[in-house]
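*Asks:* Model the full structure from these sequences, guided by the hints.
Note that my numbering has the sequence shown beginning at -18, numbered continuously upward.
None of these hints come from the bench; they were simulated from the model.
Accuracy of the hints is not assured; some may be wrong.
[Stated by the list, open to error] Pair by pair, the computed Cβ-Cβ distance ranges are:
(1) Trp28 / Glu(-15): 32 to 38 Å
(2) Gln(-6) / Arg18: 21 to 27 Å
(3) Glu(-15) / Ser12: 38 to 44 Å
(4) Leu(-13) / Lys27: 32 to 38 Å
(5) Gln(-6) / Thr14: 16 to 22 Å
(6) Val29 / Glu(-14): 28 to 34 Å
(7) Ala31 / Gln(-6): 24 to 30 Å
(8) Arg18 / Val(-4): 27 to 33 Å
(9) Leu(-13) / Glu7: 16 to 22 Å
(10) Ala31 / Glu7: 19 to 25 Å
(11) Arg18 / Leu(-8): 18 to 24 Å
C-beta atoms are modelled at their ideal positions from N, C-alpha and C, and glycine is treated no differently.
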Amino acid sequence: MDPEELVMRGLNQSVAHVDFIVGSSELNVDSETMDGRRVPILHAGKWVLAGESSNS
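*Replies:* Listed below in structure tokens is the structure:
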């Protein structure tokens, strides 16, 4: 893909990268897709994103 196509597809061009840890048994985190669907990432402090795994 050329650079313009990468940008059109949502390529992250950030020069900074920050990792952080979140968690609590009371924490729920969802992501919202471009079409408006909500995708659970953390539920009750546990990783639930389908197809992914956690090292905790």
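*Asks:* Please go over all the hints and tell whether each is borne out by the structure.
*Replies:* Verification of the hints:
Our hint of 32 to 38 Å for Trp28 and Glu(-15) holds, since their Cβ atoms are close to 35 Å apart. Checked against the hint of 21 to 27 Å, the pair Gln(-6) and Arg18 passes, with Cβ atoms roughly 25 Å apart. Distance hint check: the CB atoms of Glu(-15) and Ser12 are about 26 Å apart, inconsistent with the given range 38 to 44 Å. Roughly 33 Å separates the CB atoms of Leu(-13) and Lys27, a value that falls within the hinted 32 to 38 Å.
Checked against the hint of 16 to 22 Å, the C-beta distance between Gln(-6) and Thr14 comes to roughly 20 Å, which is consistent with it. Taking the beta carbon of each, Val29 and Glu(-14) are about 32 Å apart, inside 28 to 34 Å as hinted. Between Ala31 and Gln(-6) the beta carbon distance is about 27 Å. The supplied range of 24 to 30 Å therefore holds. For Arg18 and Val(-4), the Cβ-Cβ distance of about 30 Å falls inside the hinted range of 27 to 33 Å, so the restraint holds.
With their beta carbons about 38 Å apart, Leu(-13) and Glu7 fall outside the hinted range of 16 to 22 Å. At about 22 Å, the CB distance of Ala31 to Glu7 agrees with the hint of 19 to 25 Å. The hint said 18 to 24 Å for the Cβ distance between Arg18 and Leu(-8), and at roughly 21 Å that hint holds.
Of the numbered hints stated above, those contradicted by the structure are hints 3 and 9, listed in ascending order.
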